[in-house]
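Protein sequences, first through last, are from chains B and P.
Counting the first sequence from 1 gives a position; the numbering used here is that position plus 13.
Counting the second sequence from 1 gives a position; the numbering used here is that position plus 13.
No lab work stands behind these hints: they were computed from the structure.
Just so you know, not all the hints are guaranteed correct.
When chains are identical, the list treats them as one kind, so a pair holds in a single copy or across two.
[As the list claims (entries may be wrong)] Each computed BS3-like pair below joins lysine-lysine, with the alpha-carbon atoms no more than 27 Å apart:
| # | residue 1 | residue 2 |
| --- | --- | --- |
| 1 | K64 | K254 |
| 2 | K182 | K114 |
| 3 | K184 | K33 |
| 4 | K117 | K78 |
| 5 | K184 | K114 |
| 6 | K209 | K184 |
Treat the numbers as computed from the prediction; the structure is a model and nothing was measured.
Number of protein chains: 2
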Amino acid sequence: MKYTLITGASSGIGYETALKFAERENNLILVARNEDNLQALRAKIQSQHPKLDVVIKSVDLSEPKKVHQLYEELNDYELQTLINNAGFGDFNQISDQDFDKTEKMIRLNVEALTILTSLFVRDYENVEGTQVINLSSVAGYEIFPVSLTYTATKYYVSAYTEGLNVLLKNKDAKMRAKVLAPAPTDTKFMQRSLDKDNFEYQGNVENYNTPEEMASYLLELYDSDKTIGLVNAETLKLELKDQFYPINNLSGDYD
Amino acid sequence: MKYTLITGASSGIGYETALKFAERENNLILVARNEDNLQALRAKIQSQHPKLDVVIKSVDLSEPKKVHQLYEELNDYELQTLINNAGFGDFNQISDQDFDKTEKMIRLNVEALTILTSLFVRDYENVEGTQVINLSSVAGYEIFPVSLTYTATKYYVSAYTEGLNVLLKNKDAKMRAKVLAPAPTDTKFMQRSLDKDNFEYQGNVENYNTPEEMASYLLELYDSDKTIGLVNAETLKLELKDQFYPINNLSGDYD
Numbered sequence: 014m015k016y017t018l019i020t021g022a023s024s025g026i027g028y029e030t031a032l033k034f035a036e037r038e039n040n041l042i043l044v045a046r047n048e049d050n051l052q053a054l055r056a057k058i059q060s061q062h063p064k065l066d067v068v069i070k071s072v073d074l075s076e077p078k079k080v081h082q083l084y085e086e087l088n089d090y091e092l093q094t095l096i097n098n099a100g101f102g103d104f105n106q107i108s109d110q111d112f113d114k115t116e117k118m119i120r121l122n123v124e125a126l127t128i129l130t131s132l133f134v135r136d137y138e139n140v141e142g143t144q145v146i147n148l149s150s151v152a153g154y155e156i157f158p159v160s161l162t163y164t165a166t167k168y169y170v171s172a173y174t175e176g177l178n179v180l181l182k183n184k185d186a187k188m189r190a191k192v193l194a195p196a197p198t199d200t201k202f203m204q205r206s207l208d209k210d211n212f213e214y215q216g217n218v219e220n221y222n223t224p225e226e227m228a229s230y231l232l233e234l235y236d237s238d239k240t241i242g243l244v245n246a247e248t249l250k251l252e253l254k255d256q257f258y259p260i261n262n263l264s265g266d267y268d
Numbered sequence: 014m015k016y017t018l019i020t021g022a023s024s025g026i027g028y029e030t031a032l033k034f035a036e037r038e039n040n041l042i043l044v045a046r047n048e049d050n051l052q053a054l055r056a057k058i059q060s061q062h063p064k065l066d067v068v069i070k071s072v073d074l075s076e077p078k079k080v081h082q083l084y085e086e087l088n089d090y091e092l093q094t095l096i097n098n099a100g101f102g103d104f105n106q107i108s109d110q111d112f113d114k115t116e117k118m119i120r121l122n123v124e125a126l127t128i129l130t131s132l133f134v135r136d137y138e139n140v141e142g143t144q145v146i147n148l149s150s151v152a153g154y155e156i157f158p159v160s161l162t163y164t165a166t167k168y169y170v171s172a173y174t175e176g177l178n179v180l181l182k183n184k185d186a187k188m189r190a191k192v193l194a195p196a197p198t199d200t201k202f203m204q205r206s207l208d209k210d211n212f213e214y215q216g217n218v219e220n221y222n223t224p225e226e227m228a229s230y231l232l233e234l235y236d237s238d239k240t241i242g243l244v245n246a247e248t249l250k251l252e253l254k255d256q257f258y259p260i261n262n263l264s265g266d267y268d
């Protein structure tokens, strides 16, 4: 029995993506900090798709030890798809920077994503039909000085994931690695980025997608043979691309 | 009395950069893990420039708490220039990945650089003549799948530093932020990246600079009004640029 693992599944793009994979009768492993939300999502999915196995894991992935521990706990499940969707932004100016938040963001957006992806690649790269989709952002392809550290983490994610797919192709592995780069999407992202209790996209952000639209785009990328799904921030449409950043195919044999 | 703070000063580009700033009669704060090497470098500098104050700090910057502690210890010194040179690579394949090394690398190349830069900006951004130079790599502008996680950390550094300079200019701050992106340079970099006891550039790497050449390029970037010093990996020459990655100047006022 094969599973799709989705991080940050308790709300927003992750939540809607879980519903989409459930519609396709994929068994699910749903990870997020908020256990109540995960339980409610599981109940909703199981009422519609009673045959599916839905495993929930309440974990704070900004602690690297817990990322390793989570993966070990999943040892008995056969994974097919990994969606690294968990992540948040930081819109504080440097003068007001909360370093705990910055470090948590780097550990979640960068470290946890790298650890989970590496463990998944290590175990499944030669299994037909396996795929990892990492959530970057338009800020992984264009610098937003207003969210400097967040932008930089997304440059990391884009370069890492694009490079990983080249690496997999170069060694004839069966797994594919893809990067989804959303434009603003009506989720809790801005709320957390701005440290606000609430944030209304309507009236505050010029163009934005709904999380349902982004989940559809994610599935479109999943089904395609392209590497990158970049959302055009003006038209809000998905653009599928093979590659964005240049690749140096130095072999690395230094013996 | 003003100081130039250089991390990773015990060897390679950092070591040679310390000598160059000493030639210009800059007081120095030299940071690295190896205290013996720092003491030898201080002795060498003080024999040639007896008037200079050379402070050495033996710290492992891959531990974020120690980065904050270091900066606090420097409270009594007036800083003028920050050179974030400390960093290392990881050329292990994913199947052989040592996660401790990966996490240390992310904490040094990404977290420590972000923390030190932010603290420096916070205290000195409105002081004329202040400057931060962050060491990226040609791998911050071109993906090297053979050193995937390292490449991704350098994409972080490039985007972060380019964006920071825009942010500083937008608010009419006096500080400048610049990014130096070396091509291969004959230092201990490859040795550490490949986990070898020794590595000869001669015969193993087609084109490389000496650390003295890179230190000269760093000073050339320091003296220029350009943001990026990118070393052309074929000609090994320095190319100075205003900007590389596109900038989105969204204001970020969401009130």
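How the hints compare with the structure:
1. K64 with K254: Intra 36 Å, inter 58 Å, cutoff 27 Å: neither.
2. K182 with K114: The answer is between: 25 Å across copies meets 27 Å, while 36 Å in one copy does not.
3. K184 with K33: neither (31 Å within a copy, 44 Å between copies)
4. K117 with K78: both (13 Å within a copy, 13 Å between copies)
5. K184 with K114: between (38 Å within a copy, 23 Å between copies)
6. K209 with K184: Answer is between; shortest inter-copy Cα gap is 24 Å, intra-copy 46 Å.
Consistency note: the structure conflicts with the earlier hints numbered 1 and 3.
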